[in-house]
Structure formats: C-alpha cells, structure tokens
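Spelled out, the chains give:
There are 2 protein chains.
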Amino acid sequence: MNKSKLIDAAMGRIPCDLLLTGCQILDLLGHRIVRGNIAIYEGIIVGYGDIELNAKERIDLNGCYVSPAFTDAHVHIESSMVIPSQYGRLVIPRGVATVIADPHEIANVCGEAGLDFMYNDRSPLRTYYMLPSCVPATPFDSSGAILDGAECKKLWEKGNFLGLGEMMNYPGVIGGDEDTLSKLNLTSFIDGHAPGLSGRELSAYVCGGITNDHECNTAEEALEKISQGLNIYIREGTGSKNLEELIKAVTPYNMHRFAFCTDDKHIDDIYREGTISHCVSKAIHLGMEPLTAFTLGCVNAPSFYGIRGLGAIAPGYAADLIIMKEPDPDTITDVYLRGVRYRDEALPIPDTTAVRGTLHIKPVKAEDIQPQSGPDIPVIDARPGTLITKPCYPESTEGLMICSNIERHRATGRLSSAYVRGFNIKGGAIAQTIGHDSHNITVMGDNREDMAVAVNGLGSDGGITVVKDGNIIASLPLEVAGLISAKDYREVLDGNRAVNLAITEISEDEPSSLLMILSFLSLLVIPELKISDRGLFDVTRFEFI
Amino acid sequence: MNKSKLIDAAMGRIPCDLLLTGCQILDLLGHRIVRGNIAIYEGIIVGYGDIELNAKERIDLNGCYVSPAFTDAHVHIESSMVIPSQYGRLVIPRGVATVIADPHEIANVCGEAGLDFMYNDRSPLRTYYMLPSCVPATPFDSSGAILDGAECKKLWEKGNFLGLGEMMNYPGVIGGDEDTLSKLNLTSFIDGHAPGLSGRELSAYVCGGITNDHECNTAEEALEKISQGLNIYIREGTGSKNLEELIKAVTPYNMHRFAFCTDDKHIDDIYREGTISHCVSKAIHLGMEPLTAFTLGCVNAPSFYGIRGLGAIAPGYAADLIIMKEPDPDTITDVYLRGVRYRDEALPIPDTTAVRGTLHIKPVKAEDIQPQSGPDIPVIDARPGTLITKPCYPESTEGLMICSNIERHRATGRLSSAYVRGFNIKGGAIAQTIGHDSHNITVMGDNREDMAVAVNGLGSDGGITVVKDGNIIASLPLEVAGLISAKDYREVLDGNRAVNLAITEISEDEPSSLLMILSFLSLLVIPELKISDRGLFDVTRFEFI
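Residue numbers (the working numbering), protein chains in the order written: chain A, 1 to 545; chain B, 1001 to 1545.
The shape of chain A in the complex, shown without the other chains:
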C-alpha cells in the first residue's frame, strides 16, 4: 500500500479512482449510519461521509446502504465440495470478501500436498489459511497423513499460515501432551474447539494459548467461555446451527467478542442462502439490532486475527463493500472487492494430479458389515441441527440404520459397523469418502447389500454414491482428495442436486443435513458417541468402547 498516494488522493491532490455517491453508509466503528460519499483509490477507502473529491469514475448509489464486506471467521472450504477459487464465486456475490480457512480436511487425506493445493488455488476472495493443528484429530484416527509437532513446525515456517487451526485435541492440551504443546508454541493466533468444556478443564485449555471457540451449544456456555478469555464464533453451517441460541448471549458490552462462522457448509446450502450474509440476516430477523449484526459479520473477525484495514468503512480500509437496498444482506445488489464491482466469471481449473486417486480400499462384501446389538451395546443417537450425538439403548434394532466406517487410505480393510437412530433410509444406502476428519468412507443404509454396492462404487478418486435396490442411482465424483470436485461450481451444484434428489428416493431426511451429519459420525472429538474404522468411540471418556 503506497501511503503517499493514498494521502494525495484523500487530500484531492490526485483524482480518486471511484467515488460512490448517495450512499447510506454503515459506519460500524462509530455504530451509526452516515449519509454521504465513499472515495476509493487503488482499492483502498481514502475518505467517506460528507466529502467531495475528484474521481475518475462516479457511481450514484441513489440512497442504497453500503456495508463493509463480511469475513467468515472459521471455515473448512472442503465441506462445500468445491475448490477455493470456485468457493469464492459462491460466496463473494453474497458479500463475503474474506475467509479464515482451516484446510484440515484435505490435510488429513493428502498432508502437505493438500495444503499446497488449497493455498495455491487463489481467487479474488481474501483467503487466510490456518495451519491444521490436529491431523489426525486424535491418536485413535486412521488418517491419510499425520502432522506431528515437527511436521507442523516445518509447515509453519513456509509462511503460508495466519495462525494455528482449531485445536480439537483438548484432551491433549489439558493432559499436557508434549507434541500437542509444541504446536501451541508456534504462534499466538490459535483457534479453539472445545465443545462443552467448562470449569478447570476450560481454564487449562485456555492456558494453552487458545483464543476462540466455535463449538458453543448454549448461550450460557458462550458466556462462560468469554469470561475465560475466548472469543466466540457463532456457527451456522449445514450440520450445526447455533445462531438462534447463541445470539441470546450477545449484549452491547460483549458484542465485540463475537463473530460469525460457518465451519462446515454444503454447496447447496451456500448457494441457497449464502454464508455470513445468512448469519447477519438471520440474526437481524431474530431481533438483533442491525448495526450489531453487521459488526459481528464484518468488523470483529479481522480484528481477532490482527488483520488491519479489513471489515470497516474508514480511511485506509480495503474497499470491500456490499451494496444493499436495506440494511439487510438479503437485499444485496452489488459487491465491490478492492474497489472494483465484482462480476462472476469462469476461472481456470487447477492441476489436481497431486491430490487425486486417494482412495485405496479392498472391495467390501455385505457380510463384512456386522453391526453388533445387545443391551450393553450403545446405538448412536443423531439429531438434525447438531453434530453432537448421544448413546441410546433401544429395545430392538427395528427402524435403526446401519452405519459403517471403512479405512480408505492404505487398503487395510479395517471396517467397523454400528446401529444409528435418527435417520430413515428405506431400501438403499449412501456412501461417501467424506468422514471427518480422517475421511475414511462413511456409509449408511438399511441393508448391508446396498451399503456394499455404494462403497464399491466410489472408484479410485472417491465422492458420494447413492444406491437404491442394488443399483447406483446417483454419484458425485470428488476427485480432489475424495472431498472436493475441481469442476466449475455450477457443475458441482448440479451433481449435488442429483445426489440429493436420489437421496429423496430412499429417505425422507433432508439430504444435505443427512450427508453432513453422516460425515461427522466419525469425528472423535465431538461428543458423545462416534464410530471410526476401529469401532465405537466414547468421546466423553476419550476411548473405544
């Protein structure tokens, strides 16, 4: 940034590039709405309000509202099933200019090659990457790559990362595990992940240098965590929707300790409702004062990460702007990035050689799938809208689904199965190479035969298959690490729609939510009962059952 030129432009000694006139400006630093103009030079705001400056171009916004663009405080882009550049095309039109991304999904499959792939797939979206801290998430996982302390140090020194990604291994932190602590010493920007952690365990976790949490389920939990020094990211994704509950905790006095994030959101949900724009809009519709909602969506996340000049309309800030008919992201008409009106265009597809062909399994037979049942064997109770599961003990297995997790990185043939309550599939199965965070195969169905067909149909690249009565009726190839398609986002959207439509043929469950929750049944750091390729896992006791 050439300060000299900015100052010249601000003083009117050289013309600005653009003057937006007739604006109603969301002055989020001053917490008020100001009528006036916004002057932009080389992508940077050099003045706003009651000002008049020469400019090469003037655009009259005719009373429209102008807000700074949004930042997603924590997102795994992989969960959208598109590559970062295509992800930008999805979210920028909804006003997101910046994301703090944690590429730990692809890291679990491909390690450094995956991180490099994501980092190098650039787009107009400002994408800051956190170094994944928990690959694998736990010592009990069977991942494709392992990033121990030494490996993390090596990766950190590449200089590609803003901080350390979510430290999900809270047992490691509060247990004082040496390798875990060595990661916490890499930087002072450390994302947290501590669902339900409280009291002295929470204090110990925070002593590790963790600065935020996006796993709160109740307003009370959020308030305890703020008091213990964490910033709270209100998550509204596909599988977890915490916004309605957590905004109860927001007051004028603590509002600068909250931000919005999506964590994991499917492409169809993103396309349908947006990401942070949806959070801001939903918060407003639920009664949050609009300037507060925009502050959470725009100002706070860049501030938490010490990123200067993003998230507000003020001199020296990036001219990443949202134009709206009303102060509500539902009414966005235009988005400006670096002072230029954003127009969607096709982007080159990157080379995926280094990150494809990641599926290595032995063919699965129906008889390999042997879920156990009995009075002492818990069934996984899953619910829509949350990734948290509970153990339950129904009297019979009638109406329960079968779920299996199959190691897919090294063709070990490891497979475990369990019964699941909360879903309703009839005469079919769904398999996918998405299974947080090791991304082994997760498959669910009401019969073992269809489940085997679904798994064996995943090919060598992986993706999602839907089987009905012994036949694959839809599939979505996700050739990048078995998680992402490198295609144009519209093709992925179409493919995903076909899969969702196919799912409706075998289930009454909402397809996106079903796929998302299925993919999280193997995440051993979210309470309480999960399944890996090695068996059922009690997250609370942090051990296999």
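Hints listed in this document are in silico derivations from the structure and should not be mistaken for laboratory results. Treat the hints loosely; a few may be bogus.
Sample of chain B residues facing chain A (criterion: CB under 10 angstroms; computed from the structure) [claimed, not checked]: (1) Leu1006; (2) Asp1050; (3) Ser1203; (4) His1256.
This one's a predicted model, so the numbers in the text were calculated from it and none came from an experiment. Beta carbons are placed, not taken as given, at the ideal position from N, Cα and C, and that holds for glycine.
Based on these hints, arrange chain B on the given structure of chain A.
Just chain B now, with coordinates in the frame of chain A:
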C-alpha cells in the same frame, strides 16, 4: 511462559503459587462481577471463579474487589520529572502495572543516548516504549537531536520499541513529506496526535496508518475520529484535562475504542491523585458505569497494541491485580504484580553520565529580553486546563507577563520574547529547561531582570528556578537532560514542593499547572499561537509570524 506448567497448575496436578480467596472479581471480559477465587502460578492466572486448587499460599481477601491492573496508554515519563524506575514507584501503588511510554522529551535533548537511558532504567512497571517519531516536532524547532527517517529506521531495528510514537507532524503527513512517510512505514502500531483535525485532513492523516489520538477536546471530535478509524485516548494530565468532556462520547457500543492516558503529568499531581486510577475513579464519580470505566483503564490499551495476556482476569493473563474495598480505585489497598504483592522499596540510581550536562547557553542579560507590542502583534492567550492557546490583541501590555524562549543545546544565543495573557506573576520570574518538545529554556515573569536571574541560575545541568525580587528563592536540579532528576522520587517530590511553594510567593496561579502550561508554550504542534527561540509561531498556518 511455560504452557505445560500453567496447564498442570490449572488442572491441579501441581500446586499453584497463590490462591486469592473470597474475592469479588471484576470480570471485564464478561462485563460482570464474579465471586470466587483466583489461582496464580508463576505470575500468571490459571483459573478464577468458583474453583478450588491446591496452592502454596492462600490469602483470604474477605470480600474485597479484585480488578486487573491499569495501563497508561500514552505517557511521557519525563513530565513526571523522575526516572522510569522511580516513576514505577509512584504509579504502581495506585494500580498501574503497564505504561506505553513515548520518550520523546529526552530524545529531543539527547537523542539515542536518552532513549537508551530510559530503556535501560528498568523497574517492576511493565514499560513499553514507542520510538519517538517527531524529534524535533517540526522543522522550525531547535532541538538537541534530530531523528530523521534514516535514524529512526536504525533505532527501530534495535528492537527496543513497540511501535512508532505520536506522529505530531500532521502537516508532514497530510502534505506527503517523504521523510515523515518513511517513518510511518516502520510499523503498523503508530500513535497519533491530531488536535482539531477533521474532514479530509483527518482522513488523509489516518491513511498514513495512524491508529489513535489523545488530543480530542470535545466529544464530537472524539466521535468523528472513531468513525474515521482511530481509537481515542482520554487524556487527564496536569496541563490537559479532557476526561469530563470526552466521557460524554462513550457508549456501550464504542467503549472498546477508548482508553485512558495521562500524556504529561507532574510528580505532585501523580503523587496526590495517581494517574489512570484517577481517570477511572473520576469517570465513575462523573457517572460512568464502573465496569466500563475499568474496561477503559485495564482492557483496551493492551488490546490496541496487540499485547496478549494483559488487562483482564482470565487464564493465561498476567496476575497484575488491584485489591480494593469497593469497585473504585480510590479504595485500593494492595497491588499484585506478576502474582506478588507489591511493596515499595528504594531502587538503585542509574549512571547518568551520558545524559547530564546538557545545558549550553550564553549568559542572558535583561536587555536581551525585548518583547514586542503593537496592534498587529498577537499576545499569547493561555488558559488553565488546556494546552491550546489563542492569539489576542489587548489594548495595552498592562498585566501581561513576558515569556522568553532561549536556545540551550548549542549556545547559539537565540532568544525570542512575547507577551502572554492568562498568568499572574508579581515581582519575580520562573525559568526551566523544560520546553516542549525541543526543551529550550522557557522563562516567564513580570520583569526582565528577574527573568535573566532565573535563566542564569539554571547551571549546566538545568532544572527549574524561581526568582523573587532579584534572588533565587527555590530551584530544582533536573540533571537528566534538564528534564528529570535521577534522585529518589521522594526527594524530587520535596524539591518540587519547595519550587511550588516559592511560586506561590510570586503568583496566585496554581504552580503545577503554571509550570506545565509554560513548558508547552513552545510546542509548535498544538494550536494556535506558540513561541520558540526563533519567534512567535502560528500553528494553524504552520509558520512564524
């Protein structure tokens, strides 16, 4: 900080050093008061609230209130007339654990040697230094040292500085001066100084990367500056008292954009009322909600400078604590620094060889002092409680004081004189080697003879002299750069009291305020009419008259 040990202590696996019990804890992150205990290990808080942990020592606070310690967001320690270590002894008992200090007074006299002297005079007070950006304050100054862009870069690379000190040369910034801009590119933490700046000039100044301002005179000015991206430091010093006016601008929505500072405060005022403790207490007495006042005094300044782990009670934060009978700093009973109860003790006096003997002048005769008068020649109108002066044109010089400024670094003999309104000295004069920011000699009196005696009595080290009827009736040697005494603060206090008492023999003006305002009559960056050794200066037009 050994995270492993902190975690062990937080979890109770090893005993804490100290458990404060029976506390009413000011939880400023959560904006509430919490009853409970505070656990401390190696100077760091490892837990608080409803916790019980083993500890080597337990202290029952019996319902006392506990707050984090204060930070002074911007202070020139030199204005206290004691060295940094002695300054610590003055402010720590009043709850200040941290200061962001700008040593630009001594830098104007001694350059790098002065900066080194301050940096090396360590004490328990956490003292962060900003690199002085404006030595001298303007090209019109006659200072003892010059820190141009190249010199600043060299000094910055020593690694002793947190950021760039107050950029007072706003004409240089908004004029795009190359040397000034080179300083602004050293760091992203840049203190501001922009009294009355508004509109496009303010925008241009902020485009230079300036992040705060401590020169607001009205709530309206503060609100404009916040909207333009600056944090506001509410100043309550000896010469400038802005608190009562500026707290009108503080709301729950913007309270995290304000901090308290003293800027310049005399030793007697510090001793009598404290510094930030006084700001917090005064704000509360003026009606500010106590938790908000403490937030401004404790939380915000460290946050503005990206200093982690200071200013709140939470795990991982420094155990710099204030114990009070009520949530009001007027009731402080104890202060803890790094988890240890603070006890005042004498400190070693540092070697001052490199920073003394800085006074080089030719003897001054009464006839050298020739203030001009006439209908077109402005008189300086000074007022208590503000450093801002105005030009005025009284019909006669009756009742006006004479003020002179005399170059003192290179014995050039340069001297200029003017009339001043607003003070009332009878039969005497006051001279001092404090004269912001070049620290030439400022002398004021009602007659030229006493003025000459006062100047000639300053010796080779400098200080303050008070003359009555031709005789020096009191003097305070300030051997460090002519600004500071290296003695124990109690001796300086006594010496200063003697000077103040002597002033009351020749004037009805409040002595501290008189000395402070006199010392600022030469600061060419505070509006509107100032005097240097080269003559009267119009600050608004930034030129000599």
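Hint numbers not upheld by this structure, sorted from lowest to highest: none
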